[in-house]
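Produce the entire structure from the sequences given, and follow the hints as far as they go.
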Amino acid sequence: MVRFALAAVLSVVTAASKELPPLPYAHNALEPFISQRTLEIHHGKHHAKYVNTMNTMISGTDLESQSLEEIVKTAAKEGNQGLFNNAAQSWNHEFYWKCMSPQGGGGPPGKLKEMIESAFGSFDEFKKEFAAAGMTAFGSGWAWLVYDTNKNSLSVTKTIGAGNPMTEGLVPILTMDVWEHAYYLDHQNLRQNYIDKFLVSLVNWDFVSENLERAVSARDSGADL
Amino acid sequence: MTKLSLAVAALLAGSAAAWSTPMKMKADTGVNSRRNILQKGAALATAAAIPTAAANAYSVPDLLYPFEALEPYIDAPTMKIHHDKHHGTYVANINKATEGKDPVPILDLMADALEAGPGVRNSGGGHYNHAFFWDEMAPPDKAKKTKPSEQLEGLINKSFGSMDEMKAKFEAQAAPGAVFGSGWVWVCVNEAGDELKLVGTPNQDNPLMKGVCDEVMYPILGLDVWEHAYYLKYQNRRPEYVSNWWNVVDWDKVSENCAYAVENHCGVTVRD
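Quick mapping for you: the protein sequence lines, in order, are chains A and B.
All letters in the first sequence, in the order written, are residues 1 to 225 by our numbering.
All letters in the second sequence, in the order written, are residues 1001 to 1272 by our numbering.
Heads up, some of the hints might be wrong.
[Unchecked claim] Part of the chain B face toward chain A, derived, beta carbon under 10 Å:
1) Phe-1133
2) Gln-1173
3) Pro-1176
4) Gly-1181
5) Glu-1227
6) Tyr-1231
Keep in mind that the hints were calculated from the coordinates and are not lab data.
Source: prediction; values computed, not measured.
Where is the CB? At the ideal position from N, CA and C, for every residue including glycine.
Following this line, the structure appears as structure tokens:
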């Protein structure tokens, strides 16, 4: 019972789990922008496979007791590409689902809005830059809005494969999956259409805003993120 | 491409169209079709007495079979979108990247593609790879009648042990853990021409490009494992796509590729 309670506490404290987390919404909740079928396969097959493969790889090792973030960072540091790919993709997908919402869209609130305007000039300019990052990620990759703790500012970046900006010391605030499996059933080659729908109708700005607040207060309190 | 080889290519394209069934959906040749550009270029040249720069325009080669011909192993919608849209985009972009430059076969851009920059590397590579890919495949009924030449069989046995072993290693290299994300798997003739090598490359890179593999090598067989190559039919089931793919491989063409690469120590040309 104690172990169970401890695990429950750890799972609250840990930002991301090492089990396949459930989708934050029903599989059909993002229709018509992302289809039920896409979410079933993207979450139930792709994301699940990354988690299972990672767990197989860390089974019986010290990494089993580490958090998902720690595993990602350790794998990156050690140049363990196979483990990195699966751990980072596990992290990336969990984050991605939360970046979307059936009530998504609209725009950023408060401080996030200010910082976006400060970094990009306007919300529209941010959307253009973020969309361009998504369009120009050649092959499989991700577009990110990140917070730079040192500069106290936001920027847009992109990564390839399983890449995650936390390995560069940046804090992910928002992500968008542009691997073809994220949109191919719904949009085929028209990645631009998927990106437009994501930006207009899907982004969970409350979650993005929370991510920023956490990062900023960690910076203010000098905490190690 | 010289005017003479363009004329030959146009003849070949014309006769290929004659082989296709009435149901064939014509490739979307559009603005970038060589015929279109030649005509426009010729008109411009006549009008303004300037040399036509149009001759370097690449175009998507028509498939040698209808879109549905590789069913059930590769589905018709995939073939159509893959050929018309994905390959079409690479062609549009390589044309942009090479605008104003002297016309050369796309093969000639491969060796120095990394140095030439992302435009040539990604879109030039994309054009070469896909043009190569379409022509090494054939409808299943035709494919099953093809077989490796003695030369190819000898090299396969020498390099991998047997055809079955080659296929097993190829499938392992094509697995999502091996080529992670987007890329291709290739069987190549080495520089010396005495061995076959198996390699995976990322994105639209290929072994012809200096700096991509340990040594430059000459592809004779290649498989696209970008998700767009299989997602509509197979979704996440890439291994099933790969193991089904053998049913549409034209081993006669692969044997020709092999003979050419061994004899000439260079990559095969493609219809570009």
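Outcome of the hint check:
no.: 1; hint: Phe-1133; in the structure: 16 Å, violated
no.: 2; hint: Gln-1173; in the structure: 14 Å, violated
no.: 3; hint: Pro-1176; in the structure: 8 Å, holds
no.: 4; hint: Gly-1181; in the structure: 3 Å, holds
no.: 5; hint: Glu-1227; in the structure: 4 Å, holds
no.: 6; hint: Tyr-1231; in the structure: 4 Å, holds
This entry does not satisfy hints 1, 2, going by the numbered hints stated previously.
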